[in-house]
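Trainee: Listed here are the chains, written in short residue letters.
Number of protein chains: 2
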Amino acid sequence: MRHCLLFCALLSLGTVTGAQSAPITPAPSSTDATAEAVNRFFVEALEHGQAYDHLRDLTTQYPGRLAGSKSLEGAVRWGQQVLSAMNLDHVYTQDVSVPHWERGAPESVQLLTARGAQSLTATALGYSPSTPTGGLTAEVIEVQSLDEVEKLGRAHLTGKIVFYNRPMNAALARTAQAYAEAGDQRNRGPGVASKFGAAGVLTRSLTLAHDDVPHTGTTTYLPGFPKIPAAALSLVAADRLSAALAADPHTRVSMQIHGQTFPDAPSHNVIGEIRGSEFPDQIILVGGHLDSWDIAPGAHDDGAGIVQSIEVLRLFRALGLKPRHTIRCVLFVNEENGGAGAERYAELAQAAPGRHIFAVETDNGGFAPTGFNLGSTQGNAHLRAERWRTLFEPWGVWHFSKGSGGADVAPLLLQGVTVAGLTPDSQRYFDYHHTAIDTIDKVNPRELHLGAAAMAALIWLVDTQGL
Amino acid sequence: MRHCLLFCALLSLGTVTGAQSAPITPAPSSTDATAEAVNRFFVEALEHGQAYDHLRDLTTQYPGRLAGSKSLEGAVRWGQQVLSAMNLDHVYTQDVSVPHWERGAPESVQLLTARGAQSLTATALGYSPSTPTGGLTAEVIEVQSLDEVEKLGRAHLTGKIVFYNRPMNAALARTAQAYAEAGDQRNRGPGVASKFGAAGVLTRSLTLAHDDVPHTGTTTYLPGFPKIPAAALSLVAADRLSAALAADPHTRVSMQIHGQTFPDAPSHNVIGEIRGSEFPDQIILVGGHLDSWDIAPGAHDDGAGIVQSIEVLRLFRALGLKPRHTIRCVLFVNEENGGAGAERYAELAQAAPGRHIFAVETDNGGFAPTGFNLGSTQGNAHLRAERWRTLFEPWGVWHFSKGSGGADVAPLLLQGVTVAGLTPDSQRYFDYHHTAIDTIDKVNPRELHLGAAAMAALIWLVDTQGL
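Heads up: the protein sequence lines correspond to chains A and B, in order.
By our numbering, the letter at position 228 of the first sequence is numbered 228, and the numbering carries on one by one without gaps.
With the second sequence counted from 1, adding 467 to any position gets you our numbering.
Looking at chain A on its own, in the form it has when it is part of the complex:
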């Protein structure tokens, strides 16, 4: 694309769509003043957004913020400091007891071939125990599903390594759906394989990027069956193992994993508030999660959500807005491998029922925002929010769908709180999710700031008009 005189002339014919800072087409259901107010959030975020600078600090100073780690506790202090420097009305923490698993020394997965051992790029799954001293060496059974494991049964699986290799469905528009559909292999696959006698598990990483980067994530085991070592292979490694098995079904793999679970550790949700001018006891929440996987700097997951949530408060302050309801930013801990932060928060919220009127979560990456999902136990909140669509469309935010916000606010939904989740473009999210390459350079500052502005504008609309 060039920019010559011809192109200029064409632009004047109306090539350019989307927003100017002003004026925009007024929303039919709103006044011009409402549109102008919404636009101010976006303009302020694009011109002076601080979320990206915060994200650089968080991800470079505190990568690998897994529950129980020193890095997470450093991030908790960082969150307190950042919020405390913002001249808020209240900054405090909630004590949370979180699980504590550690990877230990780097894992190793070796494909044993006639030509010798070949390294397969892998990462232990969260809660995987260690392999026995000397490692686990066994034949591998490749399967596509948990059902297949059940059908094969103990006779075929005892002592073997089960290899779950069903790919994510590339044909789906929303990558989160493909992730959800393939996720049982990682989430429950090791537990089910153990039930049928397997000695270990390998899973195909949950990603659509065909590269040599392995993606970790949490797994669960079944009560009464041994916890067996489990690791995710990169897609390159999974394809190599599959090809080796096609050539020789007796192919063996040697795994060395050093995972260990420790007693629960003390941690903290971090909270900052702007007190409401009319209804200080009624709360609109915005939040993300402070923890990340141990191998991950956690830029998109969920550093982006943390710095966007903080940015929402900054935007209200920078624009000189005094919200009617209290706006509370919550940096949850332990979303990745337990949800103890969200549970603790919901438990305390239940002690004062009716105080939360709305809760927005951001935990789908710092990509360009496209919409929101909304959930309510009192009818279709997404249809009620739809009236604001024309206010958001100039900024690329165009859909309001039915949903449950996200893992950290969903417990509030069960208490009757209306919840929402920011829905950014999803195409690249699972390229980086739960990996060592989820780094700041994968985040575009404008996309990150647009997401923060979208949430702030939605919160302002709920605060001033109700939902």
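A couple of the hints might just be wrong.
Said to hold, decoys possible - Sample of chain B residues at the chain A side, in silico, Cβ under 8 Å:
#	residue
1	ARG544
2	TRP862
3	GLN894
4	GLU914
5	LEU934
Since the hints were derived computationally from the structure, they do not count as laboratory data.
Note that the coordinates shown come from a computational prediction; the quantities given were computed from them, not determined experimentally.
From the three backbone atoms N, C-alpha and C, an ideal C-beta is built for every residue, glycine too.
Put chain B on the given structure of chain A with help from the hints.
Mentor: The following block gives chain B in isolation, referenced to the frame of chain A:
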């Protein structure tokens, strides 16, 4: 974001929005069969798209495809070979005479300070002549606009280097608009500065990414005034120069540029066709431009458009569709610094009026598609296309706006042809535009393939239903 049992349960409550391969909500104005047909383009592109592989070949084998270069002629042969291997009905070329400018040896811009010379990262603008032997050393006058140059006039500018430093407007949602609004500095700034006696020009790069990467692009000069050397500074360099001028208004800069314009060179538009089964003489065009800036691998600009246009033909073939009208893929040359390919194409089209019924251009980067702009001399084509919106929304393509397609199809619009331009997400485009970092790693395969599918689906709808 994790994927635990809770999250699974919530998904079943309806968190996931967007498309599955089937079924989707039927479009009110269309049959289920229409929706299914549209979906097949997207599914095929996401599962088996070849555009990304083609883009890797094009950008690694033929970077720097500027008009008159050997690289562009290599790309022309590459385009012919790729199209010829696709079992199309007709592959051929159109002779085009293109301008031929070369950068020569690398440019150098030095900030002369009391502490010695400091290098400022810069890239000569297209059509810049060489500096005099020994370079150009002069004081610098910083301005924000062409108007300011006119006001300063010859008395202040004779023999000086004019430094255009007005930033792109970060507050606009659509970066193309910010680019258009700031673009006069690069497009016409050197010509206007020369009119008022300046000896050289530096411009702030047209980007929103605050880094040390300079962005080139074409410039023009005024008849009767000398062509003066001109280069774009990176934003880091522009800010350094501005700070130096604030400290000392007599700060001097030394420029060495080695640009040279040669006689026009022979080149070729490359064309491939699937012949229409009912109306072989009526043409639906899809195209992008094969040339790129000399310093740029041209992955987003416009390698993406080239490989997407080729992919449109592949999708029709792969799905076994026989279009009613001829579908013609055109790889235009010389979009970046002249538009000779588009002019030649339009000239030949005018010799057979009425044959083109629709022309779609893709030249806004290989990012996730969000909509189309449409233009017609017979009323509002974008409003007519709006009836298909619900077919596209499941794939993230949600807006049909008024426009003129793009620089390569706009001459056809003037002949009465209805045109369209793919509008992808624009946030990152100007981070890479016209730079050495416009490389394949900046392109996500899914986003690229979704764009190709969106165009193929739109073309199929026009082919089967008319617009």
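Trainee: The hint names B:GLN894 as touching chain A; please verify it with the least Cβ-Cβ distance against 8 Å.
Mentor: The hint holds - B:GLN894 has a Cβ within 8 Å of chain A, the shortest such distance being about 5 Å.
Trainee: Would the hint on B:GLU914 be counted as holding, given a Cβ-Cβ threshold of 8 Å to chain A?
Mentor: holds, 5 Å
Trainee: For the restraint on B:LEU934, tell me whether the closest CB of chain A is nearer than 8 Å.
Mentor: Since chain A brings no Cβ nearer than about 18 Å to B:LEU934, farther than 8 Å, the hint is violated.
Trainee: Hint validation: B:ARG544 versus chain A, beta carbon distance must be below 8 Å. Holds or violated?
Mentor: violated, 24 Å
Trainee: May I ask you to test the interface hint for B:TRP862 with respect to chain A, counting a Cβ-Cβ separation under 8 Å as satisfied?
Mentor: holds, 5 Å
In terms of the numbered hints stated before, the structure departs from hints 1 and 5, listed from lowest to highest.
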